[in-house]
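Work out the full structure, taking the sequences as your base and the hints as a guide.
Keeping their order, the protein sequence lines are chains G, C, V and H. Position one of the first sequence corresponds to residue 1 (the working numbering), numbered consecutively onward. Position one of the second sequence corresponds to residue 1 (the working numbering), numbered consecutively onward. Position one of the third sequence corresponds to residue 1 (the working numbering), numbered consecutively onward. Position one of the fourth sequence corresponds to residue 1 (the working numbering), numbered consecutively onward.
No wet-lab data here; the hints were simulated from the structure. Positions of the beta carbon are idealized from the N, C-alpha and C atoms, including for glycine. Mixed in with the good hints, there may be bad ones.
Derived contacts from chain V toward chain G, CB cut-off under 8 angstroms, selection only [what the hints assert, rightly or not]:
#, residue
1, G12
2, M83
3, G84
4, A86
4 protein chains.
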Amino acid sequence: MGKTIVGVIGAGQVSAAGYQVAREVGRLLGEKGAVLVCGGLSGVMEAACRGCREAGGETLGILPGPEGKEANPYVSLAVATNMGHARNVIIAHTAQALIAVEGEYGTLSEMAIALKLGRPVVALNSWPGLDGVMEAASAEEAVALALGCIGRMNNGLL
Amino acid sequence: MGKTIVGVIGAGQVSAAGYQVAREVGRLLGEKGAVLVCGGLSGVMEAACRGCREAGGETLGILPGPEGKEANPYVSLAVATNMGHARNVIIAHTAQALIAVEGEYGTLSEMAIALKLGRPVVALNSWPGLDGVMEAASAEEAVALALGCIGRMNNGLL
Amino acid sequence: MGKTIVGVIGAGQVSAAGYQVAREVGRLLGEKGAVLVCGGLSGVMEAACRGCREAGGETLGILPGPEGKEANPYVSLAVATNMGHARNVIIAHTAQALIAVEGEYGTLSEMAIALKLGRPVVALNSWPGLDGVMEAASAEEAVALALGCIGRMNNGLL
Amino acid sequence: MGKTIVGVIGAGQVSAAGYQVAREVGRLLGEKGAVLVCGGLSGVMEAACRGCREAGGETLGILPGPEGKEANPYVSLAVATNMGHARNVIIAHTAQALIAVEGEYGTLSEMAIALKLGRPVVALNSWPGLDGVMEAASAEEAVALALGCIGRMNNGLL
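Printed below as a string of structure tokens:
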């Protein structure tokens, strides 16, 4: 069986509280051995990568621009798409489940495309009230929900 | 000055009432000489193309698959992307304003990406309560709002 | 039956002779009622669009950047992809046959992807000796070869 | 400094000799600590991934379809693009240098786009006579040429 891949989505600008919760999400994913995939830039993306790397995890950044070097320093593997926001669709296809932390329109767009593709989506202080999104109250709960869904999918239960 | 291009977005399956309102949106755009751009498939996309063509207008279908022939019969020009949902991002870049009719996650994703790109977005019985979206009560109002925004942008007022 | 769509591919910088031959290709396509699709920028793309419009034809520009306004002035309909060179793949999917005029690596890449997709490819002073490419000695011959292939495909003969 | 990422490109069907040379290329890249990026499917892609993994290396597969599970079994990290051949452009942006092994039109298209982007391209029994491509006589030479170019680029010498 392949690696477990979890997307973390959120804006390039984030509150101090959002940075800490995203970092904690990343840390927990790294501890569990999941690969973190994100948009590879700053804000929530950087915080989550940082936490994941601090826990020894692997981080995949799917970048909007033409060169891998625009990745934040906590991306362990950078994919340069040169496709702008269309790279969000690639993140949704690549992740087996996604966790949204805070976020703006770009995050909403990615949550919606993930739902359209049938990927489980967990929200942490993100867009409320979206049908089909699981709301979590903490980083621990968000990671548990995402990994639980992937486990059930792998066992054919979801 | 180039052509006015308005996106009409919505699901591939639509209620009878939604079909009629989308067709009316298309008809009004055709009468005003605007080019209609959409995803080129069935439901809201077909209804809007049909109305636009019935009024003598031009319809551009940005398709998810590899061949133009999957377009609905009211698409006057078919662009085959073979990029699935990533073609929604192309629609948002190509349209100067967008009108959402009803719709599901795919529509929400497209509204969010259009807002992210700074395109005016009008909603007709679509996702409610999105910051920055103009809600319209009729096809006439939706088209007037979209064309009004494009006019103000062309005059440097928006 | 839908419109006949022919791609014209070539570099953004072109010799004076190349400009004239591309303009002639465009003119002949416009006279025959074919839609011309290209990358929408300067050089061969501009020359071909210019000729096609001068003959009353329709020109579709599939642009690499985020806004339609970067199109050359002879593009009648601009699709903004924001996908850089990946837009070349969209041109190959959208065209029913392609004509290459002169050209560099970008043109070669597009010829190869079109061949991979099974699209007929005609070369006019372009990359020589590519298996499966039809070489033409004049704009007239190039357009006749491209339209002939499309006609045979439409009749199920190719 | 980030990881060294080398693309290996070639067809999904390969000769027995081509399979062995691609596997050897992968093995050498893995031994040198380079990450191998490829299209993630069969043939040359599978052979190169296999060799790289056998040497303890990391392999990134940029897939054309919607799900990571279509990757060959030697891909350690799968990115699902759902973008068909447009994923080749992503490989060219992501790799710092590319090695082509045998190959058909798809490979030619990728070599051309890589040259267009200024990436060093090495050919092993692949398309001959392309300006700007370095031809190698063995897997050892191909890997030495690719890594040499990346080293000089990292030192600002290329």
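Take the shortest C-beta to C-beta distance between V/G84 and chain G; is it under 8 angstroms? holds (4 angstroms)
Measuring from the C-beta of V/A86 to each C-beta in chain G, is the shortest one below 8 angstroms? Holds, about 6 angstroms.
At a threshold of 8 angstroms, is the proposed contact between V/M83 and chain G supported by beta-carbon distances? holds (5 angstroms)
For the hint on V/G12, just tell me whether its beta-carbon gets within less than 8 angstroms of chain G. Check failed: Cβ of V/G12 comes no nearer than 17 angstroms to chain G, outside 8 angstroms.
Hint violations for this structure: number 1 only, all remaining hints satisfied.
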